[in-house]
Amino acid sequence: MIRRFGERLVAGQHYSPRPGVYAVLLAGGRALVTHQSHPQPEFQLPGGGIDRGESPLHALHREVYEETGWTIAEARRLGAFRRFVYMPEYDKWAEKICTIYTARPARRLGPPTEPAHRAVWLAAEDAADLLGNEGDRHFLIRALRS
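Numbering (the numbering used here), first residue to last: 231 to 376.
For the record, the hints were derived by calculation from the structure and aren't laboratory data. Be aware that one or more of the hints could be misleading.
[Stated by the list, open to error] Here are the in silico distance ranges between beta carbons for each label pair:
| hint | residue 1 | residue 2 | range |
| --- | --- | --- | --- |
| 1 | T343 | E272 | 17 to 25 angstroms |
| 2 | R338 | L239 | 16 to 24 angstroms |
| 3 | Y245 | A303 | 18 to 26 angstroms |
| 4 | P247 | E355 | 32 to 40 angstroms |
| 5 | L239 | A303 | 36 to 44 angstroms |
Given the structure is predicted, the values throughout are model-derived calculations rather than measurements. Using N, Cα and C, we set each Cβ at its ideal position, and we do this for glycine too.
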């Protein structure tokens with residue numbers, strides 16, 4: 231059973247499964263997160279959906295680069311959670327199945343390539359308070375304690 235965070239289910243609503251991968255990126259007491267300005271401004275763990283035919287680790291590397299401009303190394307699975315949400319950018323209701331990894335930020339190659347995203351380094355404790363969803367917060371705190 232995968233732990234659920236976030237909004238309650240909408241009765242009668244069909245949710246499409248949306249597997250994704252996300253990274254807790256820590257270095258020197260700071261966390262590298264992404265700030266997404268659209269459709270709603272919020273701080274998030276970098277990551278996103280796994281494309282058809284793509285491996286989870288390939289998707290993790292791609293998504294972190296797109297949302298932060300950084301490459302990563304030493305990715306290690308931390309856990310998973312799910313949340314039920316409406317995704318306005320896709321006009322769909324989704325059961326997001328979020329697999330969380332820890333990884334080391336390796337090298338900054340440039341700015342994020344994903345529109346409406348910017349990479350932000352925050353004190354790790356501050357990041358835990360600012361992240362926009364409860365599942366991201368849970369796994370960042372778990373990573374800090376390990």
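Evaluated hints:
1. T343 <-> E272: 17 to 25 angstroms: Roughly 19 angstroms apart at Cβ, these two residues keep to the hinted range, so it holds.
2. R338 <-> L239: 16 to 24 angstroms: Given range 16 to 24 angstroms: violated, Cβ gap about 40 angstroms.
3. Y245 <-> A303: 18 to 26 angstroms: With a Cβ separation near 34 angstroms, Y245 and A303 fall outside 18 to 26 angstroms, so the hint is violated.
4. P247 <-> E355: 32 to 40 angstroms: For E355 against P247, whose Cβ atoms are near 33 angstroms apart, the range 32 to 40 angstroms holds.
5. L239 <-> A303: 36 to 44 angstroms: holds, 38 angstroms
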